[in-house]
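Enquirer: Protein chains in written order, with this note's numbering: chain A, 594 to 817; chain B, 594 to 817; chain C, 594 to 817; chain D, 594 to 817.
Be aware that a few hints might be false.
Calculated pairs, DMTMM-like style, for lysine to aspartate or glutamate (alpha carbon to alpha carbon, straight line, at most 20 Å) [to be verified]:
#: 1; chain 1: A; residue 1: 817; chain 2: C; residue 2: 633
#: 2; chain 1: C; residue 1: 711; chain 2: D; residue 2: 738
#: 3; chain 1: B; residue 1: 734; chain 2: D; residue 2: 659
#: 4; chain 1: A; residue 1: 817; chain 2: C; residue 2: 759
#: 5; chain 1: C; residue 1: 711; chain 2: D; residue 2: 727
#: 6; chain 1: D; residue 1: 711; chain 2: A; residue 2: 686
#: 7; chain 1: B; residue 1: 734; chain 2: B; residue 2: 635
#: 8; chain 1: D; residue 1: 734; chain 2: B; residue 2: 595
#: 9; chain 1: C; residue 1: 596; chain 2: C; residue 2: 657
#: 10; chain 1: C; residue 1: 734; chain 2: A; residue 2: 659
#: 11; chain 1: D; residue 1: 713; chain 2: C; residue 2: 727
#: 12; chain 1: B; residue 1: 679; chain 2: C; residue 2: 709
#: 13; chain 1: B; residue 1: 609; chain 2: B; residue 2: 796
#: 14; chain 1: A; residue 1: 609; chain 2: A; residue 2: 644
#: 15; chain 1: B; residue 1: 711; chain 2: A; residue 2: 727
#: 16; chain 1: B; residue 1: 679; chain 2: B; residue 2: 656
#: 17; chain 1: A; residue 1: 734; chain 2: C; residue 2: 595
#: 18; chain 1: D; residue 1: 711; chain 2: C; residue 2: 727
#: 19; chain 1: B; residue 1: 817; chain 2: D; residue 2: 759
#: 20; chain 1: C; residue 1: 713; chain 2: D; residue 2: 738
#: 21; chain 1: B; residue 1: 713; chain 2: A; residue 2: 727
#: 22; chain 1: A; residue 1: 711; chain 2: B; residue 2: 738
#: 23; chain 1: A; residue 1: 698; chain 2: D; residue 2: 686
#: 24; chain 1: D; residue 1: 620; chain 2: D; residue 2: 801
#: 25; chain 1: A; residue 1: 614; chain 2: A; residue 2: 796
#: 26; chain 1: C; residue 1: 817; chain 2: A; residue 2: 633
#: 27; chain 1: B; residue 1: 698; chain 2: C; residue 2: 686
#: 28; chain 1: C; residue 1: 598; chain 2: C; residue 2: 631
#: 29; chain 1: A; residue 1: 679; chain 2: A; residue 2: 659
#: 30; chain 1: A; residue 1: 598; chain 2: A; residue 2: 633
#: 31; chain 1: C; residue 1: 698; chain 2: C; residue 2: 758
No lab work stands behind these hints: they were computed from the structure.
There are 4 protein chains.
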Amino acid sequence: MEKIKVTIWNENLHEKRIPEKMTHYPKGLHGAIAEALEVDAEFEIRIALMDEPENGLPDALLDDTDVLIWWGHMAHNDVSDRVAQKVVSRVWEGMGLIALHASHKSKPMRLLLGTDCKLKWRVANDSERVWVIEPSHPIAKGLPESFLIEHEEMYGERINYPRPDELIFISWYSGGEVGRTGNVWYRGNGRIFYFQPGHETFDALNNEYVRMVIRNAAHWVANK
Amino acid sequence: MEKIKVTIWNENLHEKRIPEKMTHYPKGLHGAIAEALEVDAEFEIRIALMDEPENGLPDALLDDTDVLIWWGHMAHNDVSDRVAQKVVSRVWEGMGLIALHASHKSKPMRLLLGTDCKLKWRVANDSERVWVIEPSHPIAKGLPESFLIEHEEMYGERINYPRPDELIFISWYSGGEVGRTGNVWYRGNGRIFYFQPGHETFDALNNEYVRMVIRNAAHWVANK
Amino acid sequence: MEKIKVTIWNENLHEKRIPEKMTHYPKGLHGAIAEALEVDAEFEIRIALMDEPENGLPDALLDDTDVLIWWGHMAHNDVSDRVAQKVVSRVWEGMGLIALHASHKSKPMRLLLGTDCKLKWRVANDSERVWVIEPSHPIAKGLPESFLIEHEEMYGERINYPRPDELIFISWYSGGEVGRTGNVWYRGNGRIFYFQPGHETFDALNNEYVRMVIRNAAHWVANK
Amino acid sequence: MEKIKVTIWNENLHEKRIPEKMTHYPKGLHGAIAEALEVDAEFEIRIALMDEPENGLPDALLDDTDVLIWWGHMAHNDVSDRVAQKVVSRVWEGMGLIALHASHKSKPMRLLLGTDCKLKWRVANDSERVWVIEPSHPIAKGLPESFLIEHEEMYGERINYPRPDELIFISWYSGGEVGRTGNVWYRGNGRIFYFQPGHETFDALNNEYVRMVIRNAAHWVANK
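Kindly produce the complete structure, drawing on both the sequences and the hints.
Expert: In structure tokens:
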């Protein structure tokens, strides 16, 4: 069986700057995402970190990547324009892209979506309930009708996205907001999935359903 | 100025069967909807009730209607197939249709949408916060980023709609659910807007923002 | 490997009434469609004909069908309402549906789409060039950028469809028209694909690319 | 009546470099577009040319523009990044944008759409027939079911656009191609309409239906 080559990209700054707050992710956010994928033998996993040469994404790696998972938050502008544009071009060619949490505002996502992706947000004690809008979509395979994330940063409407080509999840927040938190867009031959969970100081990336979504999405955006 | 001819159709059964519970709508649900529209001189308003001949919608009236507002809940099947199909044909020709509250399961809506429109629901003490997803849409004109409806029946996901052509509102419910509660579909030359508020024993149809949405939508689906 | 259970439904009237004109399809239109699928061992193929009991679709068969392929043209109304509604319900539950050629106006399709599906048509000497709009869609896998069908009935715009959820093919006709000829709609948990080729007196269903599309679509609407 | 402030932006290079070939547009392409709009007293028209300061679009003008019509072809990269980004931001805020002909590859359009907008093209003796896909859309108001443009550059599929939010026109070309030639996208609060006609050496911008579309679109993207 041909493997799906997944590259997990992490900004990897919180890990270095506030390690004392990263208790949920002792192996880094990239490590948690890798754990989510490792249970599925179909994935071949690679890690790319921003402070590596070429922001961790030399052409040889990017050209050999079926699915790129992106986690960035505090340093979107530290990614070089050249690397961001290369990611965009690879998506147009057919590479799948999964953008997690604050990565909606990453350079590649803003270039691909064509908006500033601004939204309403709050870091607080919110809990989040993720509702499945398209239960038959491959990304939602195996999920219950909704699932709870006990603590997450609130990302609510109105979110300045282009209209999603497919709306998979809508979240309810305990503070009174809602958000389109699982969205698909197509650009060129590539599939893009944005998924909201994944704040650095909460433990959503350890949630079994969040991990299931990431696995499902990695299969689906690979489009093999 | 040419008027927009709006026909308000009401099942008009709760008014007769449980008048003691209809305290918010002393003039009937159709009366409340008419009040919402009357402040705008551009509308010419007519009332049609189910127990009138041809379910209140003889050809002469329907053919002279620019916008049909539909409120039905307990007796969808008492509308004749012939009248339902005539409404559908008028939408195809260009008549606008606004379906309120439980009217998502009315005969015309199921025929136009092609699904059973099942959803999760609960009549309880829920409050509902309606969030504006497309602030620049004419239906959302003048609204704040969200507005509160203190009491409403919960209509939550997963709602078995066809994917909306335009998603205008998403609601948050105090009980933990979310719903796509303001949706546009196009069928033939006609514009269809579904809007969730309007339970017979709560007072949402007296809410100033709900009324604003109904007025905005009546202008927009008229497509003059 | 679990098989995909495909039921091919044919009106089977031209075969009986004008056999002399059915020279391209000596085994019937259903036979040609079956030939298209038989090269792929993943399909388990069944044939259902309209003049069989329950229009060929008893519950036991329909409930055991992953993908229903529909070919009807001259006798849409001879399918019973009960069978048509049962097909619709099965789509809502997740059965895939492929509607070929004139089947856009079949009872199940009109019930699922919510429009009359009228279009501009002409049986003449038109050739048709099918252009791929979404080359990365699984339905388009393996196709060139366009392919020629030497003779087909023209089905052109404006076609009274609801806006497709995905537009896969647009056709060019030698007579000067265009048509959205490969369209996806989602209804409930089911995927619907409409594909225009397949007139009874022309040989499009023997075309290698048409057959490839039908195979691709059968895999895709099965949504396993 | 409040006027709709329309700014017509032209690259204005062919006018200076190959005036002998610009016989259809003695007042420049911007002059032809202005003529299309002048018959409607609701428009207040301004002209902006690339070789003016700030590429013709100083903040004072852009901030006072309801609708920007863009015509560029040979020198997309001569527009400064700053001006392009300012146009993009104004669209997000609600300014309407109409991109004509080769302007699909202009800097603002590529930034807003998120793709490279590559397409198949040929300058030859093609005629083009534009088919109306959404006859009830305000942009199509007053049009016949199709109209002919006797000479145009062929812009055909597969066109690397993001899926249009609304598909208004599909064109047939005499050379055998088709194209999605009238498309709407929403970005932020702004409406974007792309329309394919307008090659510099053919006379499409003098065509009465092309002019009608531009007027309709200017009203519609203004979203007053």
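Enquirer: Hint by hint, say whether it matches the structure.
Expert: Hint check results:
1. With a C-alpha separation of about 18 Å, the suggested pairing of residue 817 (chain A) with residue 633 (chain C) holds against the 20 Å cut-off.
2. About 14 Å separates the Cα atoms of residue 711 (chain C) and residue 738 (chain D), which keeps this hinted pair within 20 Å; it holds.
3. Taking the CA atoms of residue 734 (chain B) and residue 659 (chain D), the gap is near 17 Å; set against the 20 Å cutoff, the hint holds.
4. Restraint check: the Cα-Cα separation between residue 817 (chain A) and residue 759 (chain C) comes to about 19 Å, which is no more than 20 Å; the hinted pair holds.
5. For the hint pairing residue 711 (chain C) with residue 727 (chain D), the CA-to-CA distance comes to about 14 Å; that is within 20 Å, so the pair holds.
6. For the given pair, residue 711 (chain D) sits about 12 Å from residue 686 (chain A) by alpha-carbon distance, which is consistent with the 20 Å threshold.
7. This hinted pair checks out: residue 734 (chain B) and residue 635 (chain B) have alpha carbons roughly 17 Å apart, not beyond 20 Å.
8. At most 20 Å may separate the alpha-carbon atoms for a hinted pair to count; residue 734 (chain D) and residue 595 (chain B) meet this at roughly 18 Å.
9. Annotation: proposed proximity of residue 596 (chain C) to residue 657 (chain C) holds, straight-line Cα distance about 12 Å (limit 20 Å).
10. Under the criterion of a C-alpha separation no larger than 20 Å, the hint pairing residue 734 (chain C) with residue 659 (chain A) is consistent with the structure, at around 17 Å.
11. The suggested pairing of residue 713 (chain D) with residue 727 (chain C) holds, with an alpha-carbon distance near 14 Å, which does not exceed 20 Å.
12. A C-alpha spacing of about 13 Å is found between residue 679 (chain B) and residue 709 (chain C), which places the hinted pair at or below 20 Å, so the restraint holds.
13. Between residue 609 (chain B) and residue 796 (chain B), the direct Cα distance comes to roughly 18 Å. Compliance with the 20 Å bound is thereby established for this hinted pair.
14. Note on residue 609 (chain A) and residue 644 (chain A): the hinted pairing holds, with a Cα-Cα distance of about 11 Å set against a maximum of 20 Å.
15. Among the hinted pairs, residue 711 (chain B) with residue 727 (chain A) is consistent with the structure: their alpha-carbon atoms are about 14 Å apart, no more than 20 Å.
16. Restraint check: the Cα-Cα separation between residue 679 (chain B) and residue 656 (chain B) comes to about 10 Å, which is no more than 20 Å; the hinted pair holds.
17. A C-alpha spacing of about 18 Å is found between residue 734 (chain A) and residue 595 (chain C), which places the hinted pair at or below 20 Å, so the restraint holds.
18. For the proposed pair residue 711 (chain D) and residue 727 (chain C), the alpha carbon gap of about 14 Å is at most 20 Å, so the pair holds.
19. Between residue 817 (chain B) and residue 759 (chain D) the CA atoms are separated by roughly 19 Å; this keeps the pair inside 20 Å, and the hint holds.
20. The hinted pair formed by residue 713 (chain C) and residue 738 (chain D) meets the criterion: a straight-line CA distance of about 11 Å does not exceed 20 Å.
21. About 14 Å separates the Cα atoms of residue 713 (chain B) and residue 727 (chain A), which keeps this hinted pair within 20 Å; it holds.
22. Pair hint residue 711 (chain A) plus residue 738 (chain B) holds up; C-alpha atoms about 14 Å apart against a cutoff of 20 Å.
23. For the hint linking residue 698 (chain A) to residue 686 (chain D), the alpha-carbon distance of about 18 Å falls within 20 Å, and the restraint holds.
24. A C-alpha spacing of about 17 Å is found between residue 620 (chain D) and residue 801 (chain D), which places the hinted pair at or below 20 Å, so the restraint holds.
25. For the proposed pair residue 614 (chain A) and residue 796 (chain A), the alpha carbon gap of about 11 Å is at most 20 Å, so the pair holds.
26. The straight-line distance between the Cα atoms of residue 817 (chain C) and residue 633 (chain A) is roughly 18 Å, inside the 20 Å bound, and the hint therefore holds.
27. Pair hint residue 698 (chain B) plus residue 686 (chain C) holds up; C-alpha atoms about 18 Å apart against a cutoff of 20 Å.
28. As the CA atoms of residue 598 (chain C) and residue 631 (chain C) are separated by approximately 12 Å, the hinted pair is consistent with the 20 Å bound.
29. Note on residue 679 (chain A) and residue 659 (chain A): the hinted pairing holds, with a Cα-Cα distance of about 14 Å set against a maximum of 20 Å.
30. With a C-alpha separation of about 12 Å, the suggested pairing of residue 598 (chain A) with residue 633 (chain A) holds against the 20 Å cut-off.
31. Between residue 698 (chain C) and residue 758 (chain C), the direct Cα distance comes to roughly 18 Å. Compliance with the 20 Å bound is thereby established for this hinted pair.
In the structure shown, no violation is registered for any of the earlier numbered hints.
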